Amino acid sequence: NSKVIQTPRYLVKGQGQKAKMRCIPEKGHPVVFWYQQNKNNEFKFLINFQNQEVLQQIDMTEKRFSAECPSNSPCSLEIQSSEAGDSALYLCASIQGSYEQYFGPGTRLTVL
Amino acid sequence: GDSVTQTEGLVTLTEGLPVMLNCTYQTIYSNPFLFWYVQHLNESPRLLLKSFTDNKRTEHQGFHATLHKSSSSFHLQKSSAQLSDSALYYCALYQGGRALIFGTGTTVSVSP
Chain A
11 NSKVIQTPRY LVKGQGQKAK MRCIPEKGHP VVFWYQQNKN NEFKFLINFQ NQEVLQQIDM
71 TEKRFSAECP SNSPCSLEIQ SSEAGDSALY LCASIQGSYE QYFGPGTRLT VL
Chain B
202 GDSVTQTEGL VTLTEGLPVM LNCTYQTIYS NPFLFWYVQH LNESPRLLLK SFTDNKRTEH
262 QGFHATLHKS SSSFHLQKSS AQLSDSALYY CALYQGGRAL IFGTGTTVSV SP
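Chains as they are written, first to last, in the working numbering: chain A, 11 to 122; chain B, 202 to 313.
These aren't lab readings, by the way, just hints derived from the structure by calculation. Be careful, since some hints might not be right.
[Stated by the list, open to error] Straight-line Cα separation of at most 25 Å, DMTMM-like style, residue types lysine to aspartate or glutamate; simulated pairs: (1) B/K257 / A/E72; (2) A/K13 / B/E260; (3) A/K49 / B/E209; (4) A/K13 / B/D203; (5) A/K23 / A/E63; (6) B/K279 / A/E110; (7) A/K28 / B/E260; (8) A/K54 / B/E216; (9) A/K49 / B/D203; (10) A/K54 / B/D203; (11) A/K13 / B/E244; (12) A/K49 / B/E244; (13) A/K49 / B/D286; (14) B/K270 / A/E93.
[Said to hold, decoys possible] Heads up, incomplete: computed chain A residues facing chain B, CB under 10 Å, no partners named: (15) N58; (16) N61; (17) Q62; (18) V64; (19) P115.
The structure displayed is predicted, hence computed values, not measured ones. All residues carry an ideal CB built from backbone N, CA and C; glycine is no exception.
Pulled out of the complex, with its shape left as it was, chain B reads as follows (with noise of 0.2 Å):
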């Protein structure tokens, strides 16, 4: 069936450090649609980035990223973390009319 994967659950960085974290994708539908949602402590997911056309980069909030159906990949990137930066990502692929599939989730930990 469909899945996502993020391969980091944690990752920890120095504020001012670059970011990236990883999403991979599994689905037999030629157009799927991705997201990156941010979840703060005590707070709901936050719609953060979405795509659906191929090579072509998205941004938002200092966030990028570019889906690749070539790799099925949709990774995360930012240039320079900053503290107020840290809480969980998830990254969910999106059919039309159906459920998100969600990863499992990175949560990122940002030090001064």
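Chain A on its own, in the form it takes in the complex (with noise of 0.2 Å):
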């Protein structure tokens, strides 16, 4: 079972507004990764980190978010300015030395 801890559970934002969602990745597991499922349950990346080293990052990431894990605080993710689109599941992963990556429960975001 996982021990990845993500908060909010469910985030509603205004457009325009910021959103910001913390990860607290398994004890011990440096490498976490931050999804996003759609409406149509369709995944896509955003980011990973190493560390406190981000690894790769889609350009979306790049230009609109703000993603940071740092040492010893939860890793957080937080969209600048929210767009309608931006509604969906965020989830974060941890992985450790193996290839396995568990997710947490996710926060819903409802941008209206």
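Take the two lone chains, each set in its own frame, and fit them into one complex as the hints suggest.
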């Protein structure tokens, strides 16, 4: 069972507002992934970190999101200016040395 | 680029009947890791099966799958479906340090 913690579980924002969500990876897992699952249940990789460093991110994340994984603090993903199309389930997953990604419960964002 | 194909969008069946979900993949990586995730309504994806060993059957919770590198396939099977198996099933490909590549998902609906 996954021990990844995500908060908040639900987030409602107006267009143009910032939306911030957090993830605490499993203890000892240095690699963290963020995915977006849209209303059509399609997954989109957003960004991943190893320890505090960004490994990969897509253009959208670089342009519109702010993300970090500081040591001894939760990882965070923040949309700088929410759009209706950002309404989705945001999933955080962490891995250790193995290749298995275990997901947290997700943050469901609704942008009105 | 790398991809995962799930040919069935929706599978409907009666409880007690066998179920098989197709998954094929494309990758240039010679040692891919393949996964099946299950996602029940209003939950996050949960790892169901995993494999990186060619021609070796892997089993969990009544489900089984065998990675066949010769045909780039990792089909999911269960001999007798239960009502609780109704969910979304995703096949996913992982290539060490990179993001999971998900298929489009198959919705399984089991009726009494």
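Now the hints, each set against the structure:
Pair hint B/K257 plus A/E72 does not hold up; C-alpha atoms about 40 Å apart against a cutoff of 25 Å. Between A/K13 and B/E260 the alpha-carbon distance is near 23 Å, which keeps this suggested pair within the 25 Å criterion. Restraint check for A/K49 and B/E209: the C-alpha separation of about 19 Å stays at or below 25 Å, so the hint holds. The suggested pairing of A/K13 with B/D203 is violated, with an alpha-carbon distance near 29 Å, which exceeds 25 Å.
For the hint linking A/K23 to A/E63, the alpha-carbon distance of about 28 Å lies beyond 25 Å, and the restraint is violated. Of the pairs offered as hints, the one joining B/K279 and A/E110 holds, with about 22 Å between alpha carbons and a cut-off of 25 Å not exceeded. For the suggested pair A/K28 and B/E260, the alpha carbons sit about 44 Å apart, so the restraint of at most 25 Å is broken. A hinted pair counts as satisfied when its Cα atoms are at most 25 Å apart, and A/K54 with B/E216 does not qualify at roughly 33 Å.
The hinted pair formed by A/K49 and B/D203 meets the criterion: a straight-line CA distance of about 23 Å does not exceed 25 Å. Distance restraint check for A/K54 and B/D203: the Cα-Cα separation of roughly 14 Å lies within the 25 Å cut-off, and the hinted pair is therefore satisfied. Only pairs whose Cα atoms come within 25 Å are accepted, and A/K13 paired with B/E244 is accepted, the gap being roughly 14 Å. Pair hint A/K49 plus B/E244 holds up; C-alpha atoms about 14 Å apart against a cutoff of 25 Å.
Annotation: proposed proximity of A/K49 to B/D286 holds, straight-line Cα distance about 21 Å (limit 25 Å). A threshold of 25 Å between alpha carbons decides the hint, and for B/K270 with A/E93 the separation of about 42 Å lies outside it, so the pair is violated. At its closest, the beta carbon of A/N58 sits 6 Å from a beta carbon of chain B; the interface hint therefore holds under the 10 Å criterion. The closest approach between the C-beta of A/N61 and any C-beta of chain B is roughly 13 Å, which is over the 10 Å cut-off, so the hint fails.
With a least beta-carbon distance of about 16 Å to chain B, the hint placing A/Q62 at the interface is violated under the 10 Å criterion. Against a cut-off of 10 Å between C-beta atoms, the interface hint on A/V64 is violated, since the closest Cβ of chain B lies about 13 Å away. Interface hint at A/P115: satisfied, since its Cβ lies 5 Å from the closest Cβ of chain B, which is below the 10 Å cut-off.
Consistency note: the structure conflicts with the earlier hints numbered 1, 4, 5, 7, 8, 14, 16, 17 and 18.
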